[in-house]
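S.K.: Residue numbers (the working numbering), protein chains in the order written: chain L, 1 to 330; chain Y, 1 to 330.
Source of the hints: derived by calculation from the structure; they are not laboratory data. A few of these clues could be false.
Claimed, not checked - Here are the simulated SDA-like cross-link-like pairs (lysine to any residue), alpha carbons at most 20 Å apart as the crow flies:
1. Y:K35 with L:L186
2. Y:K187 with Y:P58
3. Y:K187 with L:G271
4. Y:K187 with L:H265
5. Y:K35 with Y:P58
6. Y:K187 with L:E205
7. Y:K187 with L:G267
8. Y:K187 with L:E45
9. L:K187 with Y:G271
10. Y:K187 with L:R262
11. L:K187 with Y:W260
12. L:K35 with Y:D288
13. L:K187 with Y:E45
14. L:K187 with Y:F266
15. L:K187 with L:W260
16. L:K178 with L:E205
Stated by the list, open to error - Covered by chain L, according to a simulated footprint, are these stretches of chain Y (three or more residues, beta-carbon under 8 Å):
17. 247 to 259
18. 282 to 289
19. 292 to 300
Ideal Cβ placement from N, Cα and C applies to all residues, glycine included.
2 protein chains.
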Amino acid sequence: MLSTSTPDVSTVRSYLLSLQANLCAALEQVDGTAKFRTDDWTRPEGGGGRTRILADGPVFEKAGVGFSHVRGTTLPPSATAHRPELAGQPWEALGVSLVIHPRNPHVPTSHANVRFFTTTPKPETPNPQTAPQAAWWFGGGFDLTPYYGYEEDCIHWHRTARDAVAPLGETLYPRFKKTCDDYFFLKHRAEPRGIGGLFFDDYAEQTFDHSFALQRAVGDAFLPAYLPIVERRKATPFTDAERQWQLYRRGRYVEFNLVWDRGTHFGLQSGGRTESILMSLPPLVRWDYDHRPAPGTPESRLHEIFLRPRDWASLSDAQLSPLHSPLPPP
Amino acid sequence: MLSTSTPDVSTVRSYLLSLQANLCAALEQVDGTAKFRTDDWTRPEGGGGRTRILADGPVFEKAGVGFSHVRGTTLPPSATAHRPELAGQPWEALGVSLVIHPRNPHVPTSHANVRFFTTTPKPETPNPQTAPQAAWWFGGGFDLTPYYGYEEDCIHWHRTARDAVAPLGETLYPRFKKTCDDYFFLKHRAEPRGIGGLFFDDYAEQTFDHSFALQRAVGDAFLPAYLPIVERRKATPFTDAERQWQLYRRGRYVEFNLVWDRGTHFGLQSGGRTESILMSLPPLVRWDYDHRPAPGTPESRLHEIFLRPRDWASLSDAQLSPLHSPLPPP
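Isolated chain L (complex conformation):
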């Protein structure tokens, strides 16, 4: 759905830059030691970005938080296959992307993204009555990829996601959760990437203010969704076998991003900044031929219980698996 209400690009930009700064500050605080480095870059065709990377921290083995704001004078037809009326218009795309690879296998990997796309009418259009309409939309979401499943973490994650978007519409959470489950799926393994979360795209409903409020609700909910899980698990003792399982499962992350992720593919094939696009890849990964965890192990339970779509937000404590302790007191 397209909306013709006037987008305020500079306000979106300000929000995204402050979101990036807040995310990095909070992650540095939780890590306690490592700091983000900052790379500002420009794009020959217009615009640029700020890529921030934290590496080798005690809590976060790698974290990347990227901001980009890129422009073009002529929207390529491939970007507008189902919107031919936008082809050839000037466009802008802004976004913040985050991927966190923790060191401890009991802390899940996490990904978040919020983005905004707008086209603007050509200023030199001779007849304003026939000028192309401006069109804009938001996209984004966040999803969680555990190596070891903890039901209380999944419940917290999904309840936070649900509560974040509830003020903007009761139907949004189930709709965005399903889109997330559908999108983060490795077709070649018939396997979800993780336990999902929220995912939306082409969102331009009601007004610009409403749609922008949705983007902010999602962006602002990431830290409350993720950090309590990090704090709860970061000191969990782990064995070398658990570490190797984490490295093995990280291979699935690479497979999804390089084989299926539309943003990664589009970025790499269209001349985006490779190092900023591939900041999502894990710091260390292993592949083992035809590895299958033994039945009854926590590794096997990841597949059986967690890597399948489930209505985590509605699960009550009483429905938790007896193998798991109830939620800790707040």
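Got chain L; can you put chain Y on it based on the hints?
M.R.: Below, chain Y alone, put in the same frame as chain L:
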């Protein structure tokens, strides 16, 4: 180019199975310790394969040698975009693929592949005069991906490739070398995967016997091209920093195979056996954000001297870089 001479599928199959057995036996002998495991598999739509994997050897950290022979009743239009007359015909595809990831960073990673594709006329065609023509072609090649460059290794590799195909045509080596350089190229990094070798596809020239002889020449040349390099480098002492460079460079291998390799993409998206397709992925890989080797180091020399197309086969000893020792005595 299509040829109508009658293909002999069973002879190709016998050659490929014996090639797989020979490759595995020779690699086990060089490794000295690890053995190949064997997985036979079938494909619901027809045919199957034999995947053989060696893991954790002292010389070879991972080696995969796969044979497959798959069939279909109806060639999909996507496989015959520039040969519409073949759409809907029964088809068979046979091949052997090999990827070797050595443990020592001074031993290059290597890949080889030989394959054969054929379509057969529908037996129930009412009028034999208008039956679709049989069409078949061969493909294959081998390429080398060093972590540390040794000019004498590159010369040996390319001379062996050149000499292998020379009896079948003087123009074949330069033609297949260029195709290899063009194909194994990471467009998103403007960087070759390695030093190349041979690559050919859709090869159906002169007669079936000639084309099959070319396939055998390439398949049989792999061990003489690769094993002397393994023997020469496998005991080279290496530091942890060199090991980390190897893991980092292996990331490029993953990026090529998952983002650009047509066979991998087609296999994963068309429901091929995932574990057999992804046996090519390295056992352990790292990604570091925006890593750049210091100027003047061997790591930097890899980019400057080796990761660019070069006529290695014609290079004389006198043209070798003074940093390198001449070829060792035979």
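S.K.: Of all the hints given earlier, name the ones this structure violates by number, lowest first.
M.R.: Per hint list: 1, 2, 6 and 19 violated.
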